[in-house]
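Position chains B and C against the provided structure of chain A, taking the given hints into account.
Which chain is which? The protein sequence lines are A, B and C, in order. Last residue of the first sequence: 250 (the numbering used here), numbering continuous. Last residue of the second sequence: 1343 (the numbering used here), numbering continuous. Last residue of the third sequence: 2286 (the numbering used here), numbering continuous.
Simulated from the structure, these hints should not be mistaken for laboratory data. Worth double-checking, as some hints may not be accurate.
[Claimed, not checked] In silico SDA-like pairs for lysine to any residue, Cα to Cα no more than 20 Å straight-line:
1) 1207(B) x 191(A)
2) 2253(C) x 1171(B)
3) 1090(B) x 1247(B)
[What the hints assert, rightly or not] What follows is a list of derived Cβ distance ranges for each label pair:
4) 1159(B) x 2109(C): 36 to 42 Å
5) 2109(C) x 1113(B): 41 to 47 Å
6) 2131(C) x 60(A): 57 to 63 Å
7) 55(A) x 1113(B): 48 to 54 Å
8) 55(A) x 1247(B): 42 to 48 Å
9) 13(A) x 1309(B): 46 to 52 Å
10) 65(A) x 2159(C): 56 to 62 Å
11) 1113(B) x 2005(C): 23 to 29 Å
12) 1145(B) x 2005(C): 28 to 34 Å
13) 65(A) x 2156(C): 26 to 32 Å
14) 1043(B) x 55(A): 55 to 61 Å
15) 2270(C) x 13(A): 25 to 31 Å
16) 1290(B) x 146(A): 35 to 41 Å
17) 1025(B) x 70(A): 49 to 55 Å
Values in this document were obtained by computation on a predicted structure and should not be read as measured data. No residue lacks a Cβ here, since even glycine has one placed at the ideal position from N, Cα and C.
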Amino acid sequence: MTAALQTFGLVRRFGGIAATNNVGLTIEAGARHALIGPNGAGKTTLINLLTGVVRPTAGRILLNGEDITRLPPHQRVRRGMARTFQISQLFADLTPLETVGLAISERRGDGGDWWRVAGSKPGLNAEIAEILDRFRLSAVMHERVATLPYGRQRLLEIAVAIACRPQVLLLDEPAAGVPDHERQEILASIAALPDTVTVLLIEHDMDIVFSFARKISVLVNGALLTEGTVEEVSRDPRVKAVYLGETAHA
Amino acid sequence: MTGPSLPTAQVAANLLAARARWHPLEFAFWLTAFAAIWLLPNRHLILTEIAWLGLFALSLDLILGYAGIISLGHAAFFGVGAYAAALLAKHGLINEPVLALIAAGAIAGLVGFATSFLVLRGSDLTRLMVSLGVALILRELANQFSWLTGGADGLQGVTMQPILGRFRFDMFGHNSYVYALLVLFVLFLLARRLMASPFGLSLVAIKGNPLRARALGISVEARLVAIYTVAAFYAGIAGGLLAQTQAFASLDVFSFDRSADLLLVLIIGGTGYLYGGLIGAVIFKLMQDFLATLTPQYWPFWIGLLLVLIVLVGRERMRRWARPVRVLAAKLDWRRPAAEQAR
Amino acid sequence: MLTILFDGIAYGMLLFVLACGLSVTLGLMNLINLAHGAFAMAGGYALVILVNNYGVPFWAALPLAFVVSALLGLVLEKTLYVHVYRKSHLDQVLFTIGLVFMAVAMADYTMGMTQVFARVPPELQGQLQVFGIGMGRYRLLIIVICGALALGLQYVLVHTRFGSRLRAAVDDQRVARGLGINVGHIFTLTFAFGSGLAGLGGALGTEILGLDPAFPLKYMIYFLIVVTVGGTSSITGPFLASLLLGIADVAGKYYVPKLGAFVIYTIMIVVLIWRPQGLFTRTAAR
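The following block holds chain A by itself, in its conformation from the complex (with noise of 0.2 Å):
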């Protein structure tokens, strides 16, 4: 069965470092999957990486067998990636209906459209309302993203990425910087994440890591150290060691 996502040899230099060494990762279909490690092992360049943000030094990736090292950011999206940013990443003059709408409304192809209103088409409603339903957002849908207290941006971040139907799901620290009250909602949702996406969660926190991951691997100067079930990554000494002297913040 062809996994959901793959690289061969990934490596991304910048200068003389290697930022990304030699990554090899195989994520089966509906997944979950935490890649943890320590600050600056290269969680977040290897997720510019597999989103097209960044350009590979070498290696290769493929979203379901097909390959799509050379593929822009939109494009892979269009094959069905979507990530969030650990930093969130909205439109601030936007809502969240409209940005919310303008994800579905490009999912469905219609992002092109220049003479229809916007919104007019049907079906469109009910499934930008279906969303915001889930995620909790109905009550601030016709507020300035700008002005949403900051866990609300990051349920909207998800909202957003879920809003494309993707295939593979990539969540870079999604409760970051999340106040402690609103931090159960980021999870449930992540919870509640239908079984067909593959998720690949980076993650600092290990109690999200461990409710959550089913496999995990470990990336430590831009390279795998290991990979397993929970039970065996958080047995093995080398990860202990790696995290020694990091707090392992509940």
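Same frame as chain A, now just chains B and C:
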């Protein structure tokens, strides 16, 4: 959550539909503009200028206010349109003005399309430079090919045929104003439609966060090329209107002054809501008319001072001064009931 | 042909002195200063007024032109420019265009529209025969002065403490501040110095480029091209870019007079397509 009676989908539908509906002030604006045909017959000449200047500023708003591209050479497309329209008339290639206007716009659009790729790459500074450079190149070309363009003296001997075969261009500008206003209105409707569409929404998204736009599957380059071409088309039509209503075209249609004045026009009126260019054109022209009687030669000094002051005061602060107007506008907004129920 | 090369080098060096202030302020403060040419114009007019109206010797008037423009830059930086550093590029563009318009109008009002020239001392007129090539003395002067300036600037940048502070501030303002470097001070000094250089260039250039109130607008594109092609991360970048452009422009206008003006624009567009970050910028290892 939502109001007791409406499901989310309905609220969403209402809000999205409200984006495209006309605000009462818009009706007031256009009624006034059309009423001026009968109410201000002595001012038709300056009103015509306001009309094509407004269209020119509208075209800049499309790329600056909606797509975030800073251009210092938008006059390039204006100039192409002006010379194209003038030459088509002079050499009798297309005699009917409306057709010639469309052709002039199309040629300008082509030039816009061809140069759009240069504008996609690089930083704000590169875009500035490229747009400036293109306008200068075109000006130099027009200067060099003086056998065609009349060079520094301008293109002489342009005679315009009646519009649609019936309405002559007269020296009081009566038919000119109706013509220019109608062209402006039609193109405005089109632009409004464009901006209310998913395409228009994606432009605002691209301006706000191109990284995120790409991450939604939007091909940023393709959209920018499209809007840049449309903006060039609009600018070309504005230039064509100038050439047709004045039966003349000269090198200053490409000049840097024209591009710079245009920025001021748009900034005065405000970017990103389509009316900024039109309102700005009215204010600018009235101001120019007034100041030209005081200091005809040093008029650029006051323009410069105004620009400096606007930036120092800050556009944010100016927007706050305009708050009473916006509060009034909100009170008059008959689309509000739909928006109210969302809260 | 060697004369053309010589003329091109002189022109290029002049462009360098005129434009390098712009390059540094852009790299240092991320400020797009379209009014840079106004400082050059100020220096030019200072020279003309001092030499023609007050009989100041040419050699003394040159450094005075530098001082006048530097002072002007200092004053404007502290009163006006400091407010626009944090603003968007669009605001900076609008602001500096406004300044140019004001400067042009003021020059027009005080000096009139006609081109003016300074009275060049006799020792600078005519040609000098060097290795059988006729070299204009004035152009030779330009090459000597501007070349010395370029070397001096490179030395200051690389071998002095001020230079390393400047380079640090260009590289990363926040970190530089954190290291105790007074970035605001550096801004002011650099801006003033850059304006002074522009003034000197304007003064030197009156003979070759001609001086009239439209100068800042006419040459704006040239300065911008130097900065874009040469990049903002070094002195050598704009220096080489200026030479390239100077030679190309002079050669173009000589060999292909009809299309001569387009040579510069074509180079600009080609470079921007090929390497949008400039020909000589070192790619940041970020």
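The hints, checked one at a time:
no.: 1; hint: 1207(B) x 191(A); verdict: 33 Å, violated
no.: 2; hint: 2253(C) x 1171(B); verdict: 44 Å, violated
no.: 3; hint: 1090(B) x 1247(B); verdict: 9 Å, holds
no.: 4; hint: 1159(B) x 2109(C): 36 to 42 Å; verdict: 40 Å, holds
no.: 5; hint: 2109(C) x 1113(B): 41 to 47 Å; verdict: 43 Å, holds
no.: 6; hint: 2131(C) x 60(A): 57 to 63 Å; verdict: 60 Å, holds
no.: 7; hint: 55(A) x 1113(B): 48 to 54 Å; verdict: 28 Å, violated
no.: 8; hint: 55(A) x 1247(B): 42 to 48 Å; verdict: 55 Å, violated
no.: 9; hint: 13(A) x 1309(B): 46 to 52 Å; verdict: 50 Å, holds
no.: 10; hint: 65(A) x 2159(C): 56 to 62 Å; verdict: 58 Å, holds
no.: 11; hint: 1113(B) x 2005(C): 23 to 29 Å; verdict: 40 Å, violated
no.: 12; hint: 1145(B) x 2005(C): 28 to 34 Å; verdict: 31 Å, holds
no.: 13; hint: 65(A) x 2156(C): 26 to 32 Å; verdict: 59 Å, violated
no.: 14; hint: 1043(B) x 55(A): 55 to 61 Å; verdict: 59 Å, holds
no.: 15; hint: 2270(C) x 13(A): 25 to 31 Å; verdict: 29 Å, holds
no.: 16; hint: 1290(B) x 146(A): 35 to 41 Å; verdict: 39 Å, holds
no.: 17; hint: 1025(B) x 70(A): 49 to 55 Å; verdict: 50 Å, holds
Checked against the numbered hints above, the structure violates hints 1, 2, 7, 8, 11, 13; every other hint is satisfied.
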